[in-house]
Structure formats: structure tokens, C-alpha cells
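Asks: Sequence:
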Amino acid sequence: MSRPVEAWVPIDDRGLAYGDGLFETVLVRDGTPLLWSRHKARMSRGAEILGLPVPSDAELDRLPGMAGAGLKVLKLILTRGSGGPGYAAPYPAKPRLLWQLSHFAPQPVRWERGIKVRLCRLRLGIQPALAGLKHLNRLENVLARSEWNDPDVAEGLLCDSQGDLVEATSMNLFWWRQERWETPRLDRCGVAGTLRDALMERLRIEEVSMGTEVLAEAECVWLGNSVQGLWPVVRLDDAEGNLQYRWQLKREHRALQDIAHELLGYPVVPKS
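Numbering (the numbering used here), first residue to last: 1 to 272.
Keep in mind the hints are simulated off the structure, nothing from the lab. Certain hints may be false.
[What the hints assert, rightly or not] Cβ-Cβ distance ranges computed for the label pairs, FRET-style:
#1 102 to 243: 46 to 52 Å
#2 113 to 32: 25 to 31 Å
#3 85 to 51: 17 to 23 Å
#4 8 to 113: 41 to 47 Å
#5 243 to 180: 23 to 29 Å
#6 206 to 251: 43 to 49 Å
#7 126 to 206: 19 to 25 Å
Note that the coordinates shown come from a computational prediction; the quantities given were computed from them, not determined experimentally. Beta carbons are placed, not taken as given, at the ideal position from N, Cα and C, and that holds for glycine.
Working from the sequences, and respecting the hints, build out all of it.
Replies: As C-alpha cells, this is what we get:
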């Protein structure tokens with residue numbers, strides 16, 4: 001059953017109690033959801049792994065059309081629904097689909113001038129069964145994001161417990177090195193973003209398992225997701241705020257951003 005997110009959610013909802021569910025955040029432009037088929041496919045994959053019934057296309061497809069004109073973000077939350085005490089899942093599950101539409105304004109200055117990021121102390125736990133899913137268990141991201149309050153730091157980079165780069169707290173990571181695009185492999189943890197998926201279909205992007213030292217060899221570094229688009233990284237600090245690396249923005253390195261913004265309907269950043 002679908003309802004707005006403002007609706008009352010019972011205390012026995014398993015998404016609230018255990019993080020037993022999935023979510024999606026979808027950019028909606030004038031009532032049209034961007035990368036919509038990929039968002040639905042990721043939710044479907046996650047639902048299959050968690051053993052949840054999948055909302056019908058009819059139930060999902062009506063929601064973006066309620067956005068009206070302008071740029072909005074549609075947030076979908078699918079939980080297993082209500083259940084009794086303990087971790088044992090109710091059978092059959094009666095899932096609860098919550099949704100919210102909110103106004104959104106992107107940050108063009110970050111597209112153009114780039115951002116400063118930092119390394120996070122927190123390490124992501126390795127759990128291949130949940131790798132790639134956008135599940136509701138996001139305490140690692142919450143703790144990582146709480147490591148800094150500096151408004152000049154736009155994001156934090158996360159490694160897994162073995163020291164390999166995975167992602168940022170809410171974005172995927174890309175870099176250009178040795179004449180090719182690379183992105184962290186996400187077979188042990190992390191969220192496989194829909195924009196990342198679309199870019200990997202359009203360009204040859206190699207998945208690699210490497211630590212932060214690889215960034216010393218990168219000519220450019222980017223962070224991106226399906227709502228914000230792609231931000232170039234111009235500076236990386238360590239967890240104490242000490243400079244690690246700098247990158248100079250060059251127009252020839254914006255090919256990835258150009259494609260990402262075409263997919264999301266954002267403007268191409270002009271030559272500097």
C-alpha cells in the first residue's frame with residue numbers, strides 16, 4: 001500500500017525498527033523521472049535479495065506525474081511492513097511503500113569550480129550479500145558524515161575495512177588514470193548508483209579494487225549521483241584536514257560530466 005511519507009508509520013514497521021527495506025531518490029523534471037527504469041530495476045533487484053514483494057509499475061509510475069512543473073526529488077521508501085517482535089520476518093510480508101516529493105535546486109558552482117573533499121576515518125563493513133543495494137541500513141554513512149562540520153568540505157571518501165576505496169558518503173567515485181576511466185568495484189559493499197550504471201553503459205569505465213594511493217596517479221577525480229550530477233574534485237584532505245592531493249580542472253577531463261548532465265538534463269559546463 002502506497003502513502004505519502006508524512007503518513008503515520010507504526011512502531012512495528014520493520015523499516016523503522018531494523019532498516020528492513022530499500023529506498024530510492026529520483027530526480028523528476030517537469031513530471032518526468034530521470035533514469036527511472038534504472039531506479040525501478042535497482043529496487044526490484046534489492047527486493048528480490050531481501051525477499052520483498054515488488055510494487056507494481058502502475059503503482060510506481062503514477063508518483064512522478066504528481067510532481068508538476070519544475071525540478072523535484074521523489075523519495076521512495078519500501079519496507080517489509082509491520083512485524084512482530086524479533087528479527088524473524090513475517091510471512092507473507094505486507095510491504096509498505098512511502099513516498100515524498102520535494103523541491104530541488106542543484107549547485108552549479110560545484111559543477112563548474114569543483115569541490116574539496118576529505119577522507120573519512122570510518123571504514124565500511126564488507127557484506128557481499130548487500131553490496132550494491134540502496135538498503136535502509138545507512139548508519140555507516142550517517143557516522144561518516146558526522147565526522148566534519150566544515151561547510152567548505154562537500155563530501156567524504158570511504159574505504160572498506162581492508163582499505164580499498166568504495167564511494168563517498170552519498171555519491172559514487174570516478175577518476176581518469178593511465179588514459180582510462182576507473183571506479184571502485186562494488187562487489188563487497190557500497191551503493192551501485194543509477195548514474196554510475198548509466199555512465200558505465202555509455203563509456204568504458206574499469207572497476208578496480210585499490211586504496212587511496214591510486215588517487216596520486218589520477219589526472220582528475222569526480223563524484224556523482226543521479227540527483228546532483230557530477231562534481232569535479234579539486235582538493236582532497238585527510239581526516240585531520242591536511243592536504244593530500246590537488247587536481248587542476250581541465251576542459252578535456254569533463255567528458256564524463258558532459259554525458260552525466262546529458263542524462264539528467266543539466267547544462268554542459270562551458271569551456272573555462
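Asks: CB of residue 102 to CB of residue 243, is that within 46 to 52 Å?
Replies: 36 Å, violated
Asks: May I ask you to test the hint 19 to 25 Å on the CB atoms belonging to residue 126 and residue 206?
Replies: 21 Å, holds
Asks: Indicate whether the distance between the beta carbons of residue 113 and residue 32 respects the range 25 to 31 Å.
Replies: Cβ of residue 113 to Cβ of residue 32: about 29 Å, so the range 25 to 31 Å holds.
Asks: Does the Cβ-Cβ separation between residue 243 and residue 180 fall within 23 to 29 Å?
Replies: Because 26 Å falls inside the window, the suggested range holds.
Asks: At the C-beta level, are residue 206 and residue 251 separated by a distance inside 43 to 49 Å?
Replies: 23 Å, violated
Asks: Could you see if the CB distance from residue 85 to residue 51 stays within 17 to 23 Å?
Replies: Given about 19 Å between the Cβ atoms, the range holds.
Asks: Lying within 41 to 47 Å: is that true of the beta-carbon distance residue 8 to residue 113?
Replies: 43 Å, holds
Consistency note: the structure conflicts with the earlier hints numbered 1 and 6.
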